[in-house]
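Trainee: Sequence:
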Amino acid sequence: MSSKYEDYDGEDSNGGGFALGLLVGATVGALAAILFAPKAGYETRQQIKDLADQQKDNLKNQWEQTKAKATEVVDAAREKVEAVAGQAKGAVDTYADKAKGTVDRVADETKSAADQFQNRY
Numbered sequence: 000m001s002s003k004y005e006d007y008d009g010e011d012s013n014g015g016g017f018a019l020g021l022l023v024g025a026t027v028g029a030l031a032a033i034l035f036a037p038k039a040g041y042e043t044r045q046q047i048k049d050l051a052d053q054q055k056d057n058l059k060n061q062w063e064q065t066k067a068k069a070t071e072v073v074d075a076a077r078e079k080v081e082a083v084a085g086q087a088k089g090a091v092d093t094y095a096d097k098a099k100g101t102v103d104r105v106a107d108e109t110k111s112a113a114d115q116f117q118n119r120y
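Okay, so the sequence shown: first residue is 0 according to numbering that gives the first Met the number 0, each after it adds one.
Since the hints were made in silico from the structure, they are not lab data. Take these hints with a grain of salt, some might be off.
What the hints assert, rightly or not - In silico lysine-lysine, DSS-like type, Cα no more than 27 Å apart, as pairs:
no. : residue 1 : residue 2
1   : K66       : K55
2   : K59       : K48
3   : K55       : K38
4   : K79       : K59
5   : K79       : K68
6   : K97       : K110
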């Protein structure tokens, strides 16, 4: 059985949270810069719309990356579970065969003892 530390791949497990924080921080900063810049209302609204479209695309890309990583993790976990299940099945089959052999041997010995007992009496 492997420990929880053997599967650590060196990546920060909270990398998605950092990326999301960076994205939110950049968005808030850009929005503040747009709102406080001395421009006409139309230009400001257009800049906000462009920024919103850009951030929507960034979030979509982040979502796709997160989804792909989650799929990789699930697939890896599934493979490990299948491997462990295969090992467990092999162990159960081995012990079942040993137990069957023991039961058959005891049954034969018991039958033989019963036959000897019947022949004596």
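Trainee: K97 and K110: Cα distance at most 27 Å?
Mentor: holds (20 Å)
Trainee: Given the hint that K79 pairs with K59, does the C-alpha gap stay at or below 27 Å?
Mentor: Distance of about 30 Å is beyond 27 Å: violated.
Trainee: Hinted pair, alpha-carbon criterion (27 Å max): K79, K68. Please report holds or violated.
Mentor: It holds: about 17 Å lies between the C-alpha atoms, which stays within 27 Å.
Trainee: Given the hint that K59 pairs with K48, does the C-alpha gap stay at or below 27 Å?
Mentor: This hinted pair holds, its Cα atoms lying about 16 Å apart.
Trainee: Is the hinted pair K55 and K38 satisfied, with a Cα-Cα distance of at most 27 Å?
Mentor: holds (24 Å)
Trainee: Under the criterion that the straight-line Cα-Cα distance not exceed 27 Å, is the pair K66, K55 satisfied?
Mentor: It holds: about 16 Å lies between the C-alpha atoms, which stays within 27 Å.
This entry does not satisfy hint 4, going by the numbered hints stated previously; all others are met.
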